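Peer 1: The chain contents come next:
There are 2 protein chains.
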Amino acid sequence: MKGSLLYAQSGGVTAVINASAAGVISEARLQPERIERVLAARNGILGVLRETLVDTAALSGADLARLRTTPGGAFGSCRFDLDPAENNPLQYDRLFDVLAAHDIRFFLYNGGNGSMETCRQVQSAADARGYPLTVVGVPKTVDNDIVGTDCSPGFGSAAKYLATSVREVGLDLAAMTTNAGRAFVLEVMGRNAGWLAAACALAAEDADAAPHIILMPEVVFDEARFLARVQAVVERVGACAVVVAEGIRGPDGQILAMQDRNQKGYVQLGGAGEVVAERIHACLGYKVHYALADYLQRSARHIASRTDTAQAFAVGKAAVRRAVAGQCGVVGIERLTDDAYRWRTNLLPFEQVANLERSLPAEFIAADGFGVTEAFRRWCRPLIAGEDWPVFKDGLPDYLRLQLPLLQPLLPSHSP
Amino acid sequence: MKGSLLYAQSGGVTAVINASAAGVISEARLQPERIERVLAARNGILGVLRETLVDTAALSGADLARLRTTPGGAFGSCRFDLDPAENNPLQYDRLFDVLAAHDIRFFLYNGGNGSMETCRQVQSAADARGYPLTVVGVPKTVDNDIVGTDCSPGFGSAAKYLATSVREVGLDLAAMTTNAGRAFVLEVMGRNAGWLAAACALAAEDADAAPHIILMPEVVFDEARFLARVQAVVERVGACAVVVAEGIRGPDGQILAMQDRNQKGYVQLGGAGEVVAERIHACLGYKVHYALADYLQRSARHIASRTDTAQAFAVGKAAVRRAVAGQCGVVGIERLTDDAYRWRTNLLPFEQVANLERSLPAEFIAADGFGVTEAFRRWCRPLIAGEDWPVFKDGLPDYLRLQLPLLQPLLPSHSP
Numbered sequence: 265m266k267g268s269l270l271y272a273q274s275g276g277v278t279a280v281i282n283a284s285a286a287g288v289i290s291e292a293r294l295q296p297e298r299i300e301r302v303l304a305a306r307n308g309i310l311g312v313l314r315e316t317l318v319d320t321a322a323l324s325g326a327d328l329a330r331l332r333t334t335p336g337g338a339f340g341s342c343r344f345d346l347d348p349a350e351n352n353p354l355q356y357d358r359l360f361d362v363l364a365a366h367d368i369r370f371f372l373y374n375g376g377n378g379s380m381e382t383c384r385q386v387q388s389a390a391d392a393r394g395y396p397l398t399v400v401g402v403p404k405t406v407d408n409d410i411v412g413t414d415c416s417p418g419f420g421s422a423a424k425y426l427a428t429s430v431r432e433v434g435l436d437l438a439a440m441t442t443n444a445g446r447a448f449v450l451e452v453m454g455r456n457a458g459w460l461a462a463a464c465a466l467a468a469e470d471a472d473a474a475p476h477i478i479l480m481p482e483v484v485f486d487e488a489r490f491l492a493r494v495q496a497v498v499e500r501v502g503a504c505a506v507v508v509a510e511g512i513r514g515p516d517g518q519i520l521a522m523q524d525r526n527q528k529g530y531v532q533l534g535g536a537g538e539v540v541a542e543r544i545h546a547c548l549g550y551k552v553h554y555a556l557a558d559y560l561q562r563s564a565r566h567i568a569s570r571t572d573t574a575q576a577f578a579v580g581k582a583a584v585r586r587a588v589a590g591q592c593g594v595v596g597i598e599r600l601t602d603d604a605y606r607w608r609t610n611l612l613p614f615e616q617v618a619n620l621e622r623s624l625p626a627e628f629i630a631a632d633g634f635g636v637t638e639a640f641r642r643w644c645r646p647l648i649a650g651e652d653w654p655v656f657k658d659g660l661p662d663y664l665r666l667q668l669p670l671l672q673p674l675l676p677s678h679s680p
Numbered sequence: 265m266k267g268s269l270l271y272a273q274s275g276g277v278t279a280v281i282n283a284s285a286a287g288v289i290s291e292a293r294l295q296p297e298r299i300e301r302v303l304a305a306r307n308g309i310l311g312v313l314r315e316t317l318v319d320t321a322a323l324s325g326a327d328l329a330r331l332r333t334t335p336g337g338a339f340g341s342c343r344f345d346l347d348p349a350e351n352n353p354l355q356y357d358r359l360f361d362v363l364a365a366h367d368i369r370f371f372l373y374n375g376g377n378g379s380m381e382t383c384r385q386v387q388s389a390a391d392a393r394g395y396p397l398t399v400v401g402v403p404k405t406v407d408n409d410i411v412g413t414d415c416s417p418g419f420g421s422a423a424k425y426l427a428t429s430v431r432e433v434g435l436d437l438a439a440m441t442t443n444a445g446r447a448f449v450l451e452v453m454g455r456n457a458g459w460l461a462a463a464c465a466l467a468a469e470d471a472d473a474a475p476h477i478i479l480m481p482e483v484v485f486d487e488a489r490f491l492a493r494v495q496a497v498v499e500r501v502g503a504c505a506v507v508v509a510e511g512i513r514g515p516d517g518q519i520l521a522m523q524d525r526n527q528k529g530y531v532q533l534g535g536a537g538e539v540v541a542e543r544i545h546a547c548l549g550y551k552v553h554y555a556l557a558d559y560l561q562r563s564a565r566h567i568a569s570r571t572d573t574a575q576a577f578a579v580g581k582a583a584v585r586r587a588v589a590g591q592c593g594v595v596g597i598e599r600l601t602d603d604a605y606r607w608r609t610n611l612l613p614f615e616q617v618a619n620l621e622r623s624l625p626a627e628f629i630a631a632d633g634f635g636v637t638e639a640f641r642r643w644c645r646p647l648i649a650g651e652d653w654p655v656f657k658d659g660l661p662d663y664l665r666l667q668l669p670l671l672q673p674l675l676p677s678h679s680p
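Residue numbers (our numbering), protein chains in the order written: chain A, 265 to 680; chain B, 265 to 680.
Chain A with its partners taken away, still in its complex shape (with noise of 0.2 Å):
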């Protein structure tokens, strides 16, 4: 079978989704006997939806350098479910009369969770129509929440840039005495797990260091023990540093807010970090600082993990290689030993990872639930190592802004 490959991004983006991108499209090009064109969907599978492709040829061998190691999705992202096929058959007639009209046999896609139950649904709809397809799920998350795989891209940078800026953080707390006592809070990204937030753990070069506490989804928030920690350290080391995933839940199951400003119509924006900080300084008149890391982690390219660039662009490659020969399924990593560590991509079953999560688990998180193991510690450290610099220019980061035409739609338009 021979015929195009489409590409897509999904999703929340990461430092490290556009080195997926350019892993594919460096091995699409080394299978001309197999891969016609290698084209792009804008903005995922809506972009496949609304026929907004582009041909990838137009770039270059630099092009394709700069794209390694630019952050975000250079090809345009979105949030969007398909139908149950059996739901709005319309929808996939669509999206299969898109595929052949540009030939395309092989259809990756980049992302999370979601994206992969995306991955299922078309390579199903494909198997039960008849259309000669292979479905190859690339993993994507800064959240490291998919199932399977021993770790995801996205995830090794966005640890680094955290783990980094707590250290740095930490210095910082550390050089300013105050006789009320000093705390530092700063909410990471992580709804459901904590992987981000834990990650900050390697920060710590010992029990004193930055982050002196971890709060993590996992792990139910309870405001006594947690402000009675607060105060052990303050009084211990003379300032404590608190590192918040977004999503942690109170013994109600609620995910700390501001409510107040909930329930007098205020729209939500304050979450977890600012609530922490506003309890310590509340309830121990400690000064208080916070920071919201948000978008900021999650594109931190400049300082991106050298295995993570490296295991992007592996999945990428590794996801073309799988599709001409015909395997669907999911790129996983699996890790083949710890201490040097040593890796290599899989292949995942659809069903074993579309629309799962995967939590820390408990083997992981220490025993008073306010710091992690060194099981995950030995587990996390390889994934942070190593510096990968993007090029800078004038003092910045060099990026590629990819601005490659759409190609002539071959159908109707339409609007998904």
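None of these hints come from the bench; they were simulated from the model.
Remember, identical chains collapse to one label, so a pair may be satisfied in a single copy or spanning two.
Restricting the straight-line Cα-Cα distance to at most 20 Å, the calculated cross-link-like pairs of lysine to aspartate or glutamate (DMTMM-like) are:
id	residue 1	residue 2
1	Lys657	Asp327
2	Lys657	Glu638
3	Lys266	Glu297
4	Lys551	Asp345
5	Lys657	Asp602
6	Lys657	Asp603
7	Lys657	Asp470
8	Lys657	Glu469
9	Lys266	Glu300
Predicted, not measured: the structure shown is a model, and the values here were computed from it.
For chain A, the structure is supplied; the task is to place chain B on it using the hints.
Peer 2: Same frame as chain A, now just chain B:
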């Protein structure tokens, strides 16, 4: 005159204040015929009053190299102002008892506007008492609000970190489309001066790139005009990235803050960034994210500007040379040429610097108040130029955690 030199750090620390410390210590070691010992006080002028001093002789050349690339204040900082000499002669008696006990003839104080007033006070009291002392101020601030110098060490690195982050976030923001429109708000430091907010303008390579709007304390915040501009940007490019200095004020002269929470007796934590984000969402209905860089921006040594680290080191060295020459004052940085950026250190009289504050001049602010001029870009660009990566170990910057033993006190203990 031969004697010892005392160095101390004051105020909010920066990514490069320790580079100034390294400059001071390196240069002082070159002057053994004039400088007996190079001491440092713990926590600034407080450490002088408390007689908590350390001897930097224990630092090896390798330690000094690492100190140069370590953020935070390695000797500890403070926020403490001396009383006017006429109001509290006992405070000055104690101060000069400590200086005399350790044969201090040179006092170098590394800080911002307030610390330069401390320098002035100490020099003036020494002169009045006939105590032979030369005081030199070493400038430091991320806010760039020190009068008389073209720029201040600390600013360039914070500016580089923020502009890099805005460029990265801009790519993230551009990747996702929604029908509702999207906005991102980043709150940066700057209570009275918009230098750091303005520096984010360097992130944009053209008018459609982030940041689209910059709000500076020098411009009164006009909510209706601002929202109209956000809407226009979203209609043109699909999303709007806003940089907000923490100190912007409305027409009533009040700093923007979540007022309702204050009225309910809650601590005010959410500041200008949160208010602006909330207004965009409430009035325009856009999906809004916001980030609060807080301490991260002033401690981000991992992406320090090479210009900035060179200047921080140079002002430290220059301060020692001025001190041994008996020239008191504040070391400044003088710009010689713009295009091929050249600079040198100079010396400013205390009175020209102490307690003053430098805002963005009108010629640096765009006519519409939402951005900067080409003159500002030309001024700012060289200050973020060049990289000066710290050494990494196990994936993280390998910073120095200085732990020098306190010198045996020669005087009775004292609590300032």
